[in-house]
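Asker: One line per chain: the protein sequences are A, B, C, D, E and F, in this order.
If you're matching positions, the first sequence starts at 1 in the working numbering and goes up one per residue.
If you're matching positions, the second sequence starts at 1 in the working numbering and goes up one per residue.
If you're matching positions, the third sequence starts at 1 in the working numbering and goes up one per residue.
If you're matching positions, the fourth sequence starts at 1 in the working numbering and goes up one per residue.
If you're matching positions, the fifth sequence starts at 1 in the working numbering and goes up one per residue.
If you're matching positions, the sixth sequence starts at 1 in the working numbering and goes up one per residue.
Certain hints may be false.
Pairs count within a copy or across copies, as identical chains cannot be separated in the list.
[Unchecked claim] Only pairs whose alpha carbons sit at most 27 angstroms apart, straight line, appear in this in silico BS3-like list of lysine-lysine: (1) 35 with 8; (2) 43 with 121; (3) 125 with 85; (4) 43 with 125; (5) 125 with 35; (6) 35 with 121; (7) 85 with 121; (8) 85 with 8.
No wet-lab data here; the hints were simulated from the structure.
None of the values given here were measured: they were computed from a predicted structure.
There are 6 protein chains.
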Amino acid sequence: MTTDRYQKGIDKIQELTNSSDDNPTGFMDIGESFKDIAPDLEKYVVEYAFGDIYSRPGISNHQKVLATITALVAQGKPQIAMHVKTGLSVGLRPEEIVGNIMHLLPYVGFPSVLNALNAAKEVFKEEGVTVDTSAVE
Amino acid sequence: MTTDRYQKGIDKIQELTNSSDDNPTGFMDIGESFKDIAPDLEKYVVEYAFGDIYSRPGISNHQKVLATITALVAQGKPQIAMHVKTGLSVGLRPEEIVGNIMHLLPYVGFPSVLNALNAAKEVFKEEGVTVDTSAVE
Amino acid sequence: MTTDRYQKGIDKIQELTNSSDDNPTGFMDIGESFKDIAPDLEKYVVEYAFGDIYSRPGISNHQKVLATITALVAQGKPQIAMHVKTGLSVGLRPEEIVGNIMHLLPYVGFPSVLNALNAAKEVFKEEGVTVDTSAVE
Amino acid sequence: MTTDRYQKGIDKIQELTNSSDDNPTGFMDIGESFKDIAPDLEKYVVEYAFGDIYSRPGISNHQKVLATITALVAQGKPQIAMHVKTGLSVGLRPEEIVGNIMHLLPYVGFPSVLNALNAAKEVFKEEGVTVDTSAVE
Amino acid sequence: MTTDRYQKGIDKIQELTNSSDDNPTGFMDIGESFKDIAPDLEKYVVEYAFGDIYSRPGISNHQKVLATITALVAQGKPQIAMHVKTGLSVGLRPEEIVGNIMHLLPYVGFPSVLNALNAAKEVFKEEGVTVDTSAVE
Amino acid sequence: MTTDRYQKGIDKIQELTNSSDDNPTGFMDIGESFKDIAPDLEKYVVEYAFGDIYSRPGISNHQKVLATITALVAQGKPQIAMHVKTGLSVGLRPEEIVGNIMHLLPYVGFPSVLNALNAAKEVFKEEGVTVDTSAVE
Chain A
1 MTTDRYQKGI DKIQELTNSS DDNPTGFMDI GESFKDIAPD LEKYVVEYAF
51 GDIYSRPGIS NHQKVLATIT ALVAQGKPQI AMHVKTGLSV GLRPEEIVGN
101 IMHLLPYVGF PSVLNALNAA KEVFKEEGVT VDTSAVE
Chain B
1 MTTDRYQKGI DKIQELTNSS DDNPTGFMDI GESFKDIAPD LEKYVVEYAF
51 GDIYSRPGIS NHQKVLATIT ALVAQGKPQI AMHVKTGLSV GLRPEEIVGN
101 IMHLLPYVGF PSVLNALNAA KEVFKEEGVT VDTSAVE
Chain C
1 MTTDRYQKGI DKIQELTNSS DDNPTGFMDI GESFKDIAPD LEKYVVEYAF
51 GDIYSRPGIS NHQKVLATIT ALVAQGKPQI AMHVKTGLSV GLRPEEIVGN
101 IMHLLPYVGF PSVLNALNAA KEVFKEEGVT VDTSAVE
Chain D
1 MTTDRYQKGI DKIQELTNSS DDNPTGFMDI GESFKDIAPD LEKYVVEYAF
51 GDIYSRPGIS NHQKVLATIT ALVAQGKPQI AMHVKTGLSV GLRPEEIVGN
101 IMHLLPYVGF PSVLNALNAA KEVFKEEGVT VDTSAVE
Chain E
1 MTTDRYQKGI DKIQELTNSS DDNPTGFMDI GESFKDIAPD LEKYVVEYAF
51 GDIYSRPGIS NHQKVLATIT ALVAQGKPQI AMHVKTGLSV GLRPEEIVGN
101 IMHLLPYVGF PSVLNALNAA KEVFKEEGVT VDTSAVE
Chain F
1 MTTDRYQKGI DKIQELTNSS DDNPTGFMDI GESFKDIAPD LEKYVVEYAF
51 GDIYSRPGIS NHQKVLATIT ALVAQGKPQI AMHVKTGLSV GLRPEEIVGN
101 IMHLLPYVGF PSVLNALNAA KEVFKEEGVT VDTSAVE
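All chains should be modelled from the sequences, with the hints used to inform the complete structure.
Answerer: Put into structure tokens, the structure is as follows:
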């Protein structure tokens, strides 16, 4: 049975990933690979993370994705790449994503920033995105 | 001797804190209390953190402060309050600051978010700021 | 409007805190102090944390509270005390709570364990609980 | 020279890993690969971690392994898999291991839990263990 | 019953804290305040932390204390002050302690360094120690 | 345009890596792989991390590299290997590097130390370095 919150979450994911109706969750990992060990995980991802929190008013999708990337950089989590991809999908310019990661240098130090830039660089390459670096050369 | 980077950093701090020329660093802690043990710390704060990084083009002051707050929330650092104050100073609406912290729930968990909201609430009270919560009631 | 998940969460909190019907959330901080800045936080605490996750079958309340305490010790969060109190409330013996914290020594190191034991000791004192230490003297 | 604490540690490891007398430390990594650079490390692992701490009375082996897994999830350490294996070895049901990891969602967030479930899933597959998910579907 | 490792640990603590025979553990917190809840903790602190690890050959006491301070700064633990005191006690110059903390700026960021310098400054004040800052002014 | 701080940073890197004038930055990662997305990163690495901080007087290169390694171990960062290599380059004996990592056991726990020793062991192997373990056998 699909709840309203579940549908709201799916709609939000589709909006964030700019996905077709055939595959509304697109490239987003919503925990579907854990069906055999924790089938309810997907529900919490969709209903709570996307239906409740990502759907909360107050800040833009741009800001939501940047906040997510920042938290993952500060924690050193491997999910950075997927959220960089989401950032491009919601229309963040690559300069904004890089600028946000670079801004963290005085707070998280060089190693965390270098790791995050590696993840971003890889996504940009996969997506064929080039960064306009003229302003910081 | 004041370098260009130092002046650029001071200018950026004044812009961020909306401070008078008499006291350009305003409420920002730039490490001046460590003159007796590490007098060069202030130089790194002003020149590197503010002159280099905060002055980097690519993202807005609004986004820079939100990224800073997010990193501090994810790390559980006590400097959250000062940067919430900076957020208000650069013109972030309190709903945006709260919205950004609330967005971190699925990534950092409840305890870190509760601690950050406590810090924000305290600053809002000091600054006489009220939050429009009509959209999330 | 109270949802089923909200009621389920409140019931779980009452079960965990062993509270009266007059004050079912007892000593548990459910985020009610943030009504003026993030009134929806309470909903996420009650519905998601307690209605969904704490109500999930598979492990006992004893184990849920010990897992919570362990996560907070590993992260160095100040909420340890409240969850030690919950531990006593669900019937964990103080020796189990202390034993669980002591077990973390090889994984989180002495400083985190010492800080956690300080929090536990304080709660035991407030609650008039004594620890039977005969087995480890 | 084998001390009493060393033997006690080996006995505890054998109990935890359910290993034969021929290879009492079984699948447990006790630091033996560091003989050429830090030969005393094995002694600390066996004597202190297992002879002292894992042998401490007060909580069951079940709880000790769950506390270990929880601490590793909260810290994002790669040793999760080995301790999930230990969990199965001491008789924890896979539902308890998954249930314990899922319980951490409100405290450590989705990325840490997803990473831990990936590790657990891999171990379950290697060990031919299936999870009864009927209660959470 | 006092073991050899216990005596070795006490000797090391006395050496580190430069304490009298009447009070050999001096200002060092060895967990004696937890006698009522975890009386064996003191044993692990003295035997393992000091008798085994601090007594390990290979690096000097100076380096051991600096490594301890560094780990605590990187983790944001409140025990920094006690180990700064130990640093002075083993003969580290205050410039070395401050220099070591300042060196962490590119790795842990400003907030962690500022918090650590606050702790160090407080200890220097209590101990009547002044820092020669002429080389970095 | 090369600033004095940039040249000072390059000189420090050459000193640390013991590199030839043809390739003064040697094996050190100074962020040059990010030219296409954040070309200014290299400047901050060279000018700030090496020109300012590594060039700060007060502690020796030996201690600077050990402090760096310690911070990375405590944070679980993958850059440990490169800095172990730097340690050998500045003349630290492998016993000192291992001794420093082993000393962290009571503060960061076994998993972080095991991961760090793995990184060190790999570097020692690549560099053909053997550790004199006679004192700790």
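Asker: Does each hint hold? Answer for all of them.
Answerer: Structure-based check of each hint:
Proximity of residue 35 and residue 8 under a CA criterion of 27 angstroms is satisfied in both settings, with 21 angstroms inside one chain copy and 24 angstroms between copies. Proximity of residue 43 to residue 121 under the C-alpha cut-off of 27 angstroms is restricted to the inter-copy arrangement: shortest distance 18 angstroms between copies versus 32 angstroms within a copy. In this homomeric assembly, residue 125 and residue 85 come within 27 angstroms of each other (Cα to Cα) only inside a single copy, at 11 angstroms, whereas the closest approach across copies is 30 angstroms. Taking CA atoms no more than 27 angstroms apart as the test, residue 43 paired with residue 125 passes between copies only; the shortest distance there is 23 angstroms, against 32 angstroms inside one copy.
Taking CA atoms no more than 27 angstroms apart as the test, residue 125 paired with residue 35 passes between copies only; the shortest distance there is 14 angstroms, against 32 angstroms inside one copy. Only between protomers do residue 35 and residue 121 lie at most 27 angstroms apart by alpha-carbon distance; the minimum there is 10 angstroms, versus 32 angstroms within a single protomer. When the C-alpha separation of residue 85 and residue 121 is checked against a cutoff of 27 angstroms, the pair qualifies both within a copy, at 11 angstroms, and between copies, at 26 angstroms. Taking CA atoms no more than 27 angstroms apart as the test, residue 85 paired with residue 8 passes inside one copy only; the shortest distance there is 21 angstroms, against 34 angstroms between copies.
Hint compliance for this structure: every hint is met.
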